[in-house]
Amino acid sequence: MADSEVRVWLRIRRDDRSISLKDVFEKMEEIRRKAPDEEVYFDGDEFAICSRPIRRPPPSGHKTPSPAPPPGGEEKKRKRGRQTRLT
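Here the sequence shown stands for residues 927 to 1013, numbered as in this note's numbering.
Nothing false has been slipped in among the hints.
Using 20 Å as the maximum straight-line C-alpha spacing, the simulated DMTMM-like pairs for lysine to aspartate or glutamate come out as follows:
1) 953 with 971
2) 953 with 972
3) 953 with 964
4) 948 with 972
5) 960 with 931
6) 953 with 963
7) 948 with 965
8) 948 with 969
9) 953 with 969
10) 953 with 942
11) 953 with 941
12) 960 with 949
13) 953 with 965
Have a look at the derived ranges for each label pair, beta carbon to beta carbon:
14) 939 with 959: 24 to 30 Å
15) 951 with 971: 16 to 22 Å
16) 1011 with 970: 38 to 44 Å
17) 933 with 1011: 49 to 55 Å
18) 993 with 960: 36 to 42 Å
19) 952 with 984: 33 to 39 Å
20) 986 with 931: 22 to 28 Å
Because the hints were derived from the structure by calculation, they are not lab data. Positions of the beta carbon are idealized from the N, C-alpha and C atoms, including for glycine.
Let the hints inform the model, and build the full structure from the sequences given.
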């Protein structure tokens, strides 16, 4: 996801004691009502309330392409090791 899709709504100074956790949650709920098509979250690195568009699953009729088979037409077999008993 590109950084341009992220929207910062409110930056909070780390030393600001006037904002409580309750205030942060209320502000997040307010933003969710304003932007219902966006995922609202608190970014701990930026110390900010941010949002980004919600990714919708593809329509039910849409098929995702299956991965190409390995060269040679044979599937790789997984090698299995032996279990070692720890004592």
